[in-house]
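J.: Residue 189 in UniProt numbering sits at position 189 of the sequence shown, and the numbers go up by one each step.
These are computed hints drawn from the structure, not numbers from a lab.
Computed from a predicted model, the values in this text were never measured in an experiment.
Be careful, since some hints might not be right.
[As the list claims (entries may be wrong)] Pairs of lysine-lysine residues, derived as BS3-like cross-links and limited to a Cα-Cα distance of at most 30 Å, are as follows:
hint, residue 1, residue 2
1, K159, K171
2, K78, K159
3, K146, K159
4, K182, K159
5, K130, K78
6, K146, K185
7, K182, K47
8, K185, K151
9, K185, K154
10, K182, K154
11, K171, K130
12, K130, K161
13, K75, K47
14, K182, K161
15, K130, K152
16, K75, K159
17, K140, K182
18, K47, K146
19, K171, K78
20, K130, K55
21, K152, K182
22, K146, K171
23, K185, K140
24, K75, K161
25, K55, K182
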Amino acid sequence: MNRYRYLILLLFTVAIFSCKQKTSSSSAATEQVPDSTQADTTQVVAKDQLIIPGKSIGHILLNEPTDSVIKVLGKPDKQDAAMGSVLMTWYAGHDTSGYETSVFAHHNMGGNDEAIAHITKIMVTSPVFKTADSISVGDKLTDIEKYYPLKKLKTYQVKGKPVDVYTAADKGISFEIDTATKECKSIVVHNAGGSPSAYINMH
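Using the sequences and the hints, build the whole thing.
T.: As C-alpha cells, this is what we get:
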C-alpha cells in the first residue's frame with residue numbers, strides 16, 4: 001500500500017513540474033513576440049515649425065497680406081521697398097547675427113487691392129523649421145536631393161560667402177546651399193512653378 005501511495009505522489013509531482021515548465025516557456029515566447037500595435041515613434045513636426053512647399057512656413061502663408069505676418073511676428077527689424085515690392089526681415093532676439101525670417105511681398109499694381117502687399121516668398125535660416133520629411137537648414141545637399149528633384153538656379157554672395165540656389169520649382173521650394181560645404185543655409189518657399197529668385201536680396 002505504501003508503495004502504491006508513493007507511486008501516486010511521484011506521478012503527481014512530475015505532472016505539476018511539467019505544467020510549470022510549459023507555462024514558463026509560453027510566457028517567454030509571449031515576451032519575445034513584438035507587439036504589432038506598438039505606437040509609431042516617428043517624430044511629427046509641430047504645425048508652427050512645419051514647412052509646406054508652395055504654401056507656408058509655420059504660421060506664415062503665401063499670398064496672405066503682410067499685415068498677417070506683422071500680427072504674428074510684430075514690427076520687422078528691417079524693411080526695404082522698391083518697384084511695388086517689399087522685403088521684411090525679422091531676426092531672432094532682434095539680433096542681426098541671429099536666425100532670419102524674411103518675406104518678400106508684391107503689390108498688384110492697378111488691381112482693386114493694389115494697396116495690399118501679398119506674400120510671394122518666405123525664407124528662414126533657422127533649423128527649427130522642417131518639412132514633413134524633416135528636411136531643414138543644416139542638412140547636406142545630398143540628403144535634400146533624396147526628397148526633391150533639384151536644379152541649380154544661380155550663385156550669389158551672402159555675408160561674403162558664395163551660395164548656390166537649388167530649386168524644386170514645381171514643388172514650390174528652394175534651398176540656398178553653401179558652395180564650399182554643400183550645407184543648406186536657408187530655405188525659401190514660393191508658389192509652385194515660380195522662381196525663388198528676387199531682385200531684392202532676401203538677406
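J.: Hints first: check each against the structure and report whether it holds.
T.: Now for the hints, and whether the structure bears them out:
no.	hint	result
1	K159 - K171	holds, 28 Å
2	K78 - K159	holds, 16 Å
3	K146 - K159	holds, 28 Å
4	K182 - K159	holds, 16 Å
5	K130 - K78	holds, 24 Å
6	K146 - K185	holds, 18 Å
7	K182 - K47	holds, 28 Å
8	K185 - K151	holds, 17 Å
9	K185 - K154	holds, 15 Å
10	K182 - K154	holds, 14 Å
11	K171 - K130	holds, 15 Å
12	K130 - K161	holds, 24 Å
13	K75 - K47	holds, 23 Å
14	K182 - K161	holds, 12 Å
15	K130 - K152	holds, 21 Å
16	K75 - K159	holds, 24 Å
17	K140 - K182	holds, 6 Å
18	K47 - K146	holds, 23 Å
19	K171 - K78	holds, 29 Å
20	K130 - K55	holds, 13 Å
21	K152 - K182	holds, 12 Å
22	K146 - K171	holds, 14 Å
23	K185 - K140	holds, 10 Å
24	K75 - K161	holds, 29 Å
25	K55 - K182	holds, 26 Å
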